[in-house]
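Engineer: So the chains spell out like this:
Number of protein chains: 4
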Amino acid sequence: MTEAVFKWPVRVYYEDTDAQAVVYYANYFRFLERARTEWLRALGVDQVKMLNEKRQIFVVAHTHASFIAPARFNDELIVTAELARLTRASFAIDQKIFRGDELLLEGGVKVALLDADTMKPQRVPRTLFEGNEHAS
Amino acid sequence: MTEAVFKWPVRVYYEDTDAQAVVYYANYFRFLERARTEWLRALGVDQVKMLNEKRQIFVVAHTHASFIAPARFNDELIVTAELARLTRASFAIDQKIFRGDELLLEGGVKVALLDADTMKPQRVPRTLFEGNEHAS
Amino acid sequence: MTEAVFKWPVRVYYEDTDAQAVVYYANYFRFLERARTEWLRALGVDQVKMLNEKRQIFVVAHTHASFIAPARFNDELIVTAELARLTRASFAIDQKIFRGDELLLEGGVKVALLDADTMKPQRVPRTLFEGNEHAS
Amino acid sequence: MTEAVFKWPVRVYYEDTDAQAVVYYANYFRFLERARTEWLRALGVDQVKMLNEKRQIFVVAHTHASFIAPARFNDELIVTAELARLTRASFAIDQKIFRGDELLLEGGVKVALLDADTMKPQRVPRTLFEGNEHAS
Chain A
23 MTEAVFKWPV RVYYEDTDAQ AVVYYANYFR FLERARTEWL RALGVDQVKM
73 LNEKRQIFVV AHTHASFIAP ARFNDELIVT AELARLTRAS FAIDQKIFRG
123 DELLLEGGVK VALLDADTMK PQRVPRTLFE GNEHAS
Chain B
23 MTEAVFKWPV RVYYEDTDAQ AVVYYANYFR FLERARTEWL RALGVDQVKM
73 LNEKRQIFVV AHTHASFIAP ARFNDELIVT AELARLTRAS FAIDQKIFRG
123 DELLLEGGVK VALLDADTMK PQRVPRTLFE GNEHAS
Chain C
23 MTEAVFKWPV RVYYEDTDAQ AVVYYANYFR FLERARTEWL RALGVDQVKM
73 LNEKRQIFVV AHTHASFIAP ARFNDELIVT AELARLTRAS FAIDQKIFRG
123 DELLLEGGVK VALLDADTMK PQRVPRTLFE GNEHAS
Chain D
23 MTEAVFKWPV RVYYEDTDAQ AVVYYANYFR FLERARTEWL RALGVDQVKM
73 LNEKRQIFVV AHTHASFIAP ARFNDELIVT AELARLTRAS FAIDQKIFRG
123 DELLLEGGVK VALLDADTMK PQRVPRTLFE GNEHAS
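Residue numbers (this note's numbering), protein chains in the order written: chain A, 23 to 158; chain B, 23 to 158; chain C, 23 to 158; chain D, 23 to 158.
One chain only, chain A, in its complex shape:
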C-alpha cells in the first residue's frame, strides 16, 4: 500500500482559470498540494496536531512542473502523488495531473520537516508513508 499512487479528484472552477481560458500556471501548485494534504490525511498525519503538539511543519523546499496540456473551466482532474525518495530530513514526491487518460502536468516537490519555531530541519519518521497513526 505504500507503493500505491495516491489519487485525488479536483474540479476546475472560475477561480482557477485566467484570461487565456485555461488554469493559471501557479494554480496547478494548489491542486498538487491538495493531493499531498489529503494523502497525508489518508496516512493518518494530522498536520494541525503536528504543529500544536510537536511544533513541526512540512515545508516545500523545491518544486518543478512541466505543463503538457492545459486544464479548463469545469474539467474534472485527477491529481496523483507518489513517494520518490525519503531521506533523513526530507522526502521527494512525484506528482501528475490527468484529465481522464490525458496527462496534463508532470511535476514534483521536495518537502522538508522543520521545527516551526527554529525552522531547523527535523528527522522525518521512517514510517511516515507506511500509513500508520505515527504522526498524531
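Read the hints as simulated data drawn from the structure, not as lab findings.
Treat each hint with caution, since some may be false.
For identical chains, the list gives no copy identity; a pair is met inside one copy or between any two copies.
In silico DSBU-like cross-links for lysine-lysine, where the CA-CA straight-line distance does not exceed 30 angstroms [to be verified]:
(1) K132 / K71
(2) K29 / K71
(3) K29 / K132
(4) K142 / K76
(5) K142 / K71
(6) K142 / K132
(7) K29 / K76
(8) K132 / K76
Use these hints to put chains B, C and D onto chain A, whose structure you have.
Structural biologist: Same frame as chain A, but now just chains B, C and D:
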C-alpha cells in the same frame, strides 16, 4: 488631510483574471485590501508591530461590492479608500475602483480591531485616521 | 425541491488561509462560488454549453458578506445557496458557510445573465431553478 | 542592455501569505510572472495587442523553484528576470527573489510562443529581448 481620499494604483495581471477574460470577482477584494494596507502604512500604522507588540489585529467584519464594469488584463486601476464611520470598536471604509475616469466597482468594508489572542474587540484609537505615528 | 437549500462541502487548505491563520476574507467568495457552480450543475445548467452555444454568461453584479467567525486550516465547511429573488434579468442568492452547526459567514450575490459578446442583460429562464434540463 | 537583469519590486500582502505566516509556495509564481510581464512591457511587448492582432500568446511550458528562505507579510521583495536561453520556439528565463541582499528563491521558466487558436508553436522573434518595439 484626514478628509482626503487615499488612492492606490493596481495593475491587473493574468493571476487576477478568469476564463471570462475579466478580473475574477473575489480578486477585487484583494485590490481593496492592498489599498487599505497602504493607507494604514501611509497613516503610520505598522501592522506587524501592532501584532508583535500590542497583539492587535484588524479584521474585516463585513464587506460589500457592486461590480459596475469589468477590469481586464493589463488594466491600470486606481483603488480608493475613505473613512465612512469611526465607532468605538470598528470603522467603516468606502472604496471604489476606477480605470481612468470610469467607475468599475463601488464597495466597502467594516473593520474591527481585535485582540489577536482572545479575538475580543479592542478600542480603535480616536486618532487612527489623523495620520500621526500613534499606532507604532 | 426548488425550495431546498443547496449544500456543498469545502475543505480548507493552506492556499485558503493567511498569516492571521484564518481563511483570507476574499477567499470565502471562492467557496461561495463553488457552491453556486455546483448548484447550477445539479440543476442541469452546463455553463460551458451556455457560453459556446448561446453566448450567455452569468456575472456577479453585487455581493456582500458578514464574517461572523473565522474558518481555519483543515476545517470542513458546508456552503449553502438558496434562491432569494428571481427577476427578469437577474437573481439573488442567499448563502451561508457553516462549520458543523456554527455559522461562520452570511452573505449573498446578485447575478445577472449577460450576452458574452455585447455584455447586454438577457432574460433569465423562469424555470432555471426548477431543476430541469432547460439551460443546456 | 539585453544583458541586464530586469528587477521588479513586489510588496507582500495578507492575500499572499498562509497560515504558516509565510508566503504560500504557489504564490511566488505569481510574483515571478509579474516581473516577466513588466519586463516584456519594458521591452515594448504589448501582450494584449499580440493576442488581438497576431493571435499569439506566451505560455509557460516548465517552471521550477527552490525555496531558500520564506517571505513574510509586509516584506518588500525584488524579483529579477534574466534571459537564460533563446531557441526557435521558446526561451528560458532565470529568476530570483530577494529581500534586500537575502536570496529567498531561485527558479525559472521555459516559455513558448503559441498561436492562440491552434496552440501550435510560433517562431520567437530574434529581437524580442533587444528592447525595440518589435512585438507591438
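Engineer: Against each hint, give a clear statement of whether it holds in the structure.
Structural biologist: Each hint tested on the structure:
1. For the homomeric pair K132 and K71, the shortest alpha-carbon distance inside one copy (22 angstroms) is at most 30 angstroms, but the shortest distance between copies (33 angstroms) is not.
2. Taking the shortest Cα distances, K29 and K71 sit within 30 angstroms of each other both inside one copy (24 angstroms) and across copies (28 angstroms).
3. In this homomeric assembly, K29 and K132 come within 30 angstroms of each other (Cα to Cα) both inside a single copy, at 18 angstroms, and across copies, at 28 angstroms.
4. Taking the closest pair of Cα atoms, K142 and K76 come within 30 angstroms of each other both inside a single copy (13 angstroms) and across two copies (28 angstroms).
5. Taking identical chains as interchangeable, the C-alpha atoms of K142 and K71 lie at most 30 angstroms apart whether they share a chain (19 angstroms) or sit on different chains (25 angstroms).
6. Taking CA atoms no more than 30 angstroms apart as the test, K142 paired with K132 passes inside one copy only; the shortest distance there is 16 angstroms, against 32 angstroms between copies.
7. Taking CA atoms no more than 30 angstroms apart as the test, K29 paired with K76 passes inside one copy only; the shortest distance there is 28 angstroms, against 36 angstroms between copies.
8. Only within a single protomer do K132 and K76 lie at most 30 angstroms apart by alpha-carbon distance; the minimum there is 21 angstroms, versus 37 angstroms between protomers.
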